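Asks: This is what each chain is made of:
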Amino acid sequence: MAMGTPGTEDERFARLYGEHGRDVLAYALRRAAGPEDAADVVAETFLAAWRRLADVPAGTDARLWLYGVARRVLANQRRGERRRLRLGERLRDDLSALAVPGPPASAADHAVLVALSRLDEGDRELLLLVGWEELEPAEAARVVGASAVAVRSRLHRARRRLRAAMRAAESGGAGSAHGLEIERAR
Amino acid sequence: MSTREIDTALAAANPVSRATVAGLPLDAAEEALLQAIVAEPRRTPGTRQARPRRRRQLALVGAALAAAGLFLAVLGTGQRSDGPESAFGAELVRFAESSPLILLDAPGWTVDYADEQSAREGEMRFSNGAAATADLHWQRGPLASWVRDRAASATRTTTAPVLGTTAKVFQYEGGSPGDRDVTALWLEDGRVLEFRSQVAGLAAFEERLAALRRVDAEAWLSALPPSVVRAANRGAAVEQMLRGVTLPPGFDASQIPAQGLTKDRYQLGATVTGTVACTWFEHWSRARSAGDRAGVRRAIAALATAKHWPVMRAMSRQGGYPQVLEEYAAAMPSGRWYGRPLEGDVNSGLGCPSLGVRLKAP
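One line per chain: the protein sequences are R and U, in this order. Here the first sequence is numbered in the working numbering, starting from 11 and rising by one per residue. Here the second sequence is numbered in the working numbering, starting from 3 and rising by one per residue.
A hint or two may mislead.
[Claimed, not checked] A short, non-exhaustive set of chain R residues, derived as facing chain U with CB atoms under 7 Å:
1) E29
2) R32
3) A36
4) L63
5) T70
6) V79
7) A117
8) A160
Honestly, the hints are just simulated from the structure, not real lab data. Since we're looking at a predicted model, the values are computed, not measured. Ideal placement from N, C-alpha and C gives every residue a C-beta, glycine not left out.
Looking at chain R on its own, in the form it has when it is part of the complex (with noise of 0.2 Å):
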């Protein structure tokens, strides 16, 4: 369902980013390089909401939407691809001055994330949609353009690799022997 909430178009894309804009803004923090490709992320996402604020989906839904589009702009990031548009300046000034987070305070957390580097670009973004997000399977299944059920079923697997992940880090050694351990599939 698009959206159809009455108003001018102006008036809509800015009740979308009032509701969803620091969401996006959390989403591409945790992800990002740093703050300025953040500050890219949220501008990005952003201007193709309004270009195809039609396609947009109405309520809740449109926060799945927009992960879904800062998740593609977060991989041509990735890729090389940074755009430095000119209507993100400020916002990107005004980030990169604030004293937002560093490093995790502990050297578990800090253990965590990179553990998390060690998985594939898949089970990562499923692990922190749920996880960082607080998604649903099923909703986290609509930014990643999955099945919910095979959303699951990856959650599943993906869950383990960050055990064993983080196993590893723990013992000192990828290599040692791991205790048979039940995970439950849903």
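Starting from the structure of chain R, add chain U where the hints point.
Replies: Chain U only, in chain R's frame:
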């Protein structure tokens, strides 16, 4: 570590909380962005500019996560073997010996992933090139607890023949017609095997299950995708990666640990450069403790060259590991990392203990 503990650890490691972002004083910047966007004509967007070289507080967090994006990017960089047995190195032969030699024998299906978490546990993924995938996971241990776990969340339980035995089959709720999540469990040679796929229904799943075939090690290894770097090439790959790298005194390539199956060159690069870097950090830390200023300077100067190492330049095009290492190297003169002794974060960040080096906090 249970699933719940993993989820808790993951949530705790979120570097940017919702409350933090909500509290950022960005209203004016956001208003400017909004106004600029709605003034935009509907045409192809902006221009490219060079990325400014500015230090970013979030760099490490982002870089650590960005590193995750490269695994798929490096698929295909390995060389598929043309020949028979001699092409497979000892590591791959060992992998085959510790894995169930099973393939999905159906038109269009290939192996697109294979990995082992340990000698006891591994997995492989089959794909038909379209959307369909199937996973085979194996682990040592009793079958009963797995059956109980799967049964607890299944909506339908049945049995089906597989490879001369009978598997317990579980269909889960949800999904749409044509996209059901079904999994099968059986025991083989003291290992629990689980085969999971998304199918139209139980009949289609049984058909897929029936397409599983036992093969010999040669056929199994030949079916592995190029992303599985041939173990026979590992030594040559390590040697090539060490070219142009500033090595610590007395460093020997044999001290770079072989960490299970080497899946791709980026991961191997992280192991190689991580071992070198951790050794340099250890030299630096010891020199600091001993008041050896020349030794401290030597280590700092060595790791300052890391950004120019050819292997690091290649890796930086694929992910964030080099950036993590450079951030740590840049912190060496102060010896502090956000107010903490650098050693602890280097240990956990680069995984030094798993590379045979453990830095001691001052």
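Asks: It remains to establish, for every hint, whether it holds in the given structure.
Replies: Evaluated hints:
no., hint, verdict
1, E29, "violated (12 Å)"
2, R32, "holds (5 Å)"
3, A36, "holds (4 Å)"
4, L63, "violated (10 Å)"
5, T70, "violated (15 Å)"
6, V79, "violated (13 Å)"
7, A117, "holds (5 Å)"
8, A160, "holds (5 Å)"
In terms of the numbered hints stated before, the structure departs from hints 1, 4, 5 and 6, listed from lowest to highest.
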